[in-house]
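K.L.:
Sequence:
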Amino acid sequence: MHATPLKIDQEFLVTIKRIGINGEGIGYYKRQAVFIPGTLVGEEVVAKCTRVAGGYSEAELVRVKKRAKMRRAPECEHFGVCGGCQLQHMQYPEQLRVKRDMVAQAIERYTNLDAEGLEIRPTMGMDNPFHYRNKAQMPVGYDDDGVMVGLYAMNSRELIQIDNCPIQYESINKAINHAVDLLDEYEIFAYAPKTKKGTARHIVARAGLKSGELQVVFVFASEDFKQMQQLAGELMNYVPEVKSVYLSINDGDGHEILGEKLIRVAGTETISDRLGHLKFNLSPRAFFQLNPEQTVKLYNQVKYAASLTGKEKVVDAYCGVGTIGQWLADKAGEVRGVDIIPQAIDDARKNAKLNRLSNVNYTVGKAEAIVPKWVNEGFKPDVVIVDPPRTGLEKPLIEMLKRVQPQLVIYVSCNPSTLAKNLKELSQKYRIDYIQPVDMFPQTSHVESVVRLVRKK
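Going letter by letter, the sequence shown gives residues 115 to 571 in the numbering used here.
These aren't lab readings, by the way, just hints derived from the structure by calculation. Only a predicted model underlies this, so the values are computations on that prediction, with no experimental measurement involved. Treat the hints with care, as some may be off.
Quick list of in silico lysine-lysine cross-link-like pairs, PhoX-like style, CA-CA up to 25 Å [said to hold, decoys possible]:
| no. | residue 1 | residue 2 |
| --- | --- | --- |
| 1 | K340 | K425 |
| 2 | K308 | K324 |
| 3 | K121 | K162 |
| 4 | K417 | K427 |
| 5 | K487 | K357 |
| 6 | K417 | K570 |
| 7 | K179 | K131 |
| 8 | K494 | K357 |
| 9 | K357 | K417 |
| 10 | K467 | K480 |
| 11 | K131 | K180 |
| 12 | K357 | K311 |
| 13 | K571 | K427 |
| 14 | K179 | K324 |
| 15 | K417 | K494 |
| 16 | K480 | K543 |
| 17 | K543 | K417 |
Please model the entire structure based on the sequences and the hints provided.
P.N.:
What follows is the structure, encoded as structure tokens:
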């Protein structure tokens, strides 16, 4: 039996060697890895052990003994407590370098591919890496002054009051803060999951970057409150950008924020926004990228990787509301999208009509079943675009790609770990041309990647 190098509450000195995929610094104490949030590569820090697990430990930062040049003062007073951001203590160029390194680390860890031999390009960043997020979903709770909203503390369910989140649009902060004041004014109490008492569960707000329009959804546990129209009117008068107000009823115990019942209380059914030359109408359930400015860069990278000449048959798997496929449509012969969510496909069709695109079509179903059917009917794709959730591609879809073998697969990933695992399997039939990281969520440890995969001869 090996002696445990660290004990709970033990303070120790350690040098940070690298940044992990969740944004924490990694040092080594008696050859055992220690994960310490809020630290930077090259720093000597005093830390206190908080958890001992098999093969590694976790610790909290006590003080920095030797400070890295790339350290900065966090923009948000809640940094280090709120779990929303992990990298605000890093100057932005260092965040971009770290995110590229996260992709390389994942490939080294989960594949037998040579990460140093791959072309992993520098991360594409933002000019202003704050106030970029166009949607907020804020849980409702209590503080000493009454009802409040916030975000959960790191690794807990403790709600931290946040009045001005520096990564959200300022108009969203304004709308949510006034919505909270109205909950107090109308004596609408926060819902308590343990006792199932109270009403207000979440406030959800989304803004159009180009239109400036706001949509606010109050998520309540019941419909008992009878003055909802009056409340909505006051909100729209105080924040004129609010054009659409909904009430969502969620009395369940799951993790879903919006309930099945969705009632339009006041204003328009949707708000509008644009991505480049494309228009989109957004309902409360519609998926839309959370950082429109970077989304244009991301989609342009997909378009560049696809190398379209105007004749290609393109499949947009996991198409959602159709944004990626429609972004490519002007350079493709035909685009076919597929998704398992009927509402998303309905939105995709509406968006195609809104943008007057005649060469795009959408089908509800699983891509691994639908695409082979299309191939049998004579539609063999030249390019397949996959943009899966954080869990990555499912095995049946990978096997379908290996059978159908389009010339190009463009993989849009939001999780380096699952991306690497999928690339290990896809590399049996495909060569990784390059990987382009894109910073969709500055100040956080999340990184998106566009991977160009070329069929092996």
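K.L.:
Confirm or reject each hint.
P.N.:
We went through each hint and held it up to the structure:
no.: 1; hint: K340 / K425; verdict: violated (57 Å)
no.: 2; hint: K308 / K324; verdict: violated (41 Å)
no.: 3; hint: K121 / K162; verdict: holds (9 Å)
no.: 4; hint: K417 / K427; verdict: holds (14 Å)
no.: 5; hint: K487 / K357; verdict: violated (43 Å)
no.: 6; hint: K417 / K570; verdict: holds (21 Å)
no.: 7; hint: K179 / K131; verdict: holds (15 Å)
no.: 8; hint: K494 / K357; verdict: violated (44 Å)
no.: 9; hint: K357 / K417; verdict: violated (33 Å)
no.: 10; hint: K467 / K480; verdict: holds (23 Å)
no.: 11; hint: K131 / K180; verdict: holds (13 Å)
no.: 12; hint: K357 / K311; verdict: violated (31 Å)
no.: 13; hint: K571 / K427; verdict: holds (20 Å)
no.: 14; hint: K179 / K324; verdict: violated (46 Å)
no.: 15; hint: K417 / K494; verdict: holds (19 Å)
no.: 16; hint: K480 / K543; verdict: holds (22 Å)
no.: 17; hint: K543 / K417; verdict: holds (22 Å)
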